[in-house]
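Engineer: Protein chains in written order, with the numbering used here: chain A, 1 to 147; chain B, 1 to 245.
For the record, the hints were derived by calculation from the structure and aren't laboratory data. Take the hints with a grain of salt, since some may be wrong.
Said to hold, decoys possible - Now the stretches of chain A that chain B is said to cover, found in silico as 3 or more residues with beta-carbon under 8 Å:
| hint | stretch |
| --- | --- |
| 1 | 4 to 10 |
| 2 | 14 to 24 |
| 3 | 35 to 48 |
| 4 | 80 to 94 |
The C-beta atom is built at its ideal place from N, Cα and C for all residues, glycine as well.
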Amino acid sequence: MGDLSHLQGQLVVGAILFALGAIGFLTRRNLILIMLSAELMLHGVSLNLTAFGQYHGTAAGQAFTVMVLTVSACEAGLALALILTLYRRRRSLDVNLWSNLGEPDLPKLAQDILEVSPAPREQPLPKLTPAGPLPRYPKSAPPAAKP
Amino acid sequence: MTTWITEHWRLLLPLALGWVCVWLLMPRGPHRSRALAGIFGLAGLLAVKFYWLPPSGPLLQDIFFLTFAAMAIIGGVLMITDHNPVYAALWFAIVTLAVCGLFLLNSAPFLSAATVIVYAGAIIVTFLFVIALAQQSGSAMYDRRASHPTLATLSGFLLLGCLMFTLQEWGGQAAAEGGNAFLKVPAGTTANLGSVATEDLGSLRSVGRSLFTDYVYAVEIAGTVLLIATIGAICMAPRRSQGNL
Numbered sequence: 001m002g003d004l005s006h007l008q009g010q011l012v013v014g015a016i017l018f019a020l021g022a023i024g025f026l027t028r029r030n031l032i033l034i035m036l037s038a039e040l041m042l043h044g045v046s047l048n049l050t051a052f053g054q055y056h057g058t059a060a061g062q063a064f065t066v067m068v069l070t071v072s073a074c075e076a077g078l079a080l081a082l083i084l085t086l087y088r089r090r091r092s093l094d095v096n097l098w099s100n101l102g103e104p105d106l107p108k109l110a111q112d113i114l115e116v117s118p119a120p121r122e123q124p125l126p127k128l129t130p131a132g133p134l135p136r137y138p139k140s141a142p143p144a145a146k147p
Numbered sequence: 001m002t003t004w005i006t007e008h009w010r011l012l013l014p015l016a017l018g019w020v021c022v023w024l025l026m027p028r029g030p031h032r033s034r035a036l037a038g039i040f041g042l043a044g045l046l047a048v049k050f051y052w053l054p055p056s057g058p059l060l061q062d063i064f065f066l067t068f069a070a071m072a073i074i075g076g077v078l079m080i081t082d083h084n085p086v087y088a089a090l091w092f093a094i095v096t097l098a099v100c101g102l103f104l105l106n107s108a109p110f111l112s113a114a115t116v117i118v119y120a121g122a123i124i125v126t127f128l129f130v131i132a133l134a135q136q137s138g139s140a141m142y143d144r145r146a147s148h149p150t151l152a153t154l155s156g157f158l159l160l161g162c163l164m165f166t167l168q169e170w171g172g173q174a175a176a177e178g179g180n181a182f183l184k185v186p187a188g189t190t191a192n193l194g195s196v197a198t199e200d201l202g203s204l205r206s207v208g209r210s211l212f213t214d215y216v217y218a219v220e221i222a223g224t225v226l227l228i229a230t231i232g233a234i235c236m237a238p239r240r241s242q243g244n245l
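Bound conformation, chain A alone (with noise of 0.2 Å):
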């Protein structure tokens, strides 16, 4: 049996950061963020699993944390390519633009953006520096033919 005011110390340290966690998981737009979020949420749970598999003596909460290691892992891989799939779509990482996924008839919770996101760039075309004595003829004119 461990010591109750260094389990509490974990306990209110886990709850902290689980609630950092939420309030990230609920306020950051950015795609990645969310993710990082969610991962600060596992960390506060896994704190806790360990602080109480101290408090016990025994090795159960490491071997639990071991599982949540592994869920996070799994969950990181896969929202992270998630993200490149949804990035690609729409040149952005922004999470409101994905807010009216629902079925059509239901009513749509925000303004449809993908009409108001903005027209791929243009890719400017290269230029040449311009070398040699400019053409004498004026530009209306047809050029001279050549002999």
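Given chain A, put chain B in place with the hints provided.
Structural biologist: Leaving out everything else, chain B in the frame of chain A:
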């Protein structure tokens, strides 16, 4: 109502200070009063320290615990409020290192090392994504404005208040009566034999014995989850027009 507030001011004071700190730091435009938020945040941390984190055991352990806890909390606050996603990923690395330090204090050195290894890869990949996908010239519009900062921070701190209230109740009254359901080993059930208390708690030997005797099905399920996640990530990842990855 007022009696309730005066009874529970130890719970409400750090919550209010922390809420003001996070609310002030939320990205909502060009101007944020960081100094004021820092003062409120430090006051909240000190309140948490004095009312919620009593000294427990040896001095050196307390010093390490407080250092790692402060690193984790400050890094977490700055991670969820930073304008720049690159800095936010860096703060997340700080939080991960601090949590690994707390794992060490919880006598879990193997887990600490494993977390560092796993999250090192995860954070490097996240860096690559941030640098490749986010705009490099300054932070984008969606990073400079949080969505519903007031409501979100209020609900988050309400959640934290409920958690800490529960902690206060079972830590205060039930622990005085000899522990409650959280703290007692269940009497009617036989404990998992591979996970019982040993001298070498946290060593690779004890964790492995627990994993491969009591929780061997969990290990199998974790392997299956990893396999399915790999297949899913390959399926979801965008393909080139040639048809191969």
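Engineer: Each hint should be assessed against the structure and marked as holding or not.
Structural biologist: Hint-by-hint comparison with the structure:
no. : hint     : in the structure
1   : 4 to 10  : holds (count 6)
2   : 14 to 24 : holds (count 10)
3   : 35 to 48 : holds (count 8)
4   : 80 to 94 : holds (count 11)
In the structure shown, no violation is registered for any of the earlier numbered hints.
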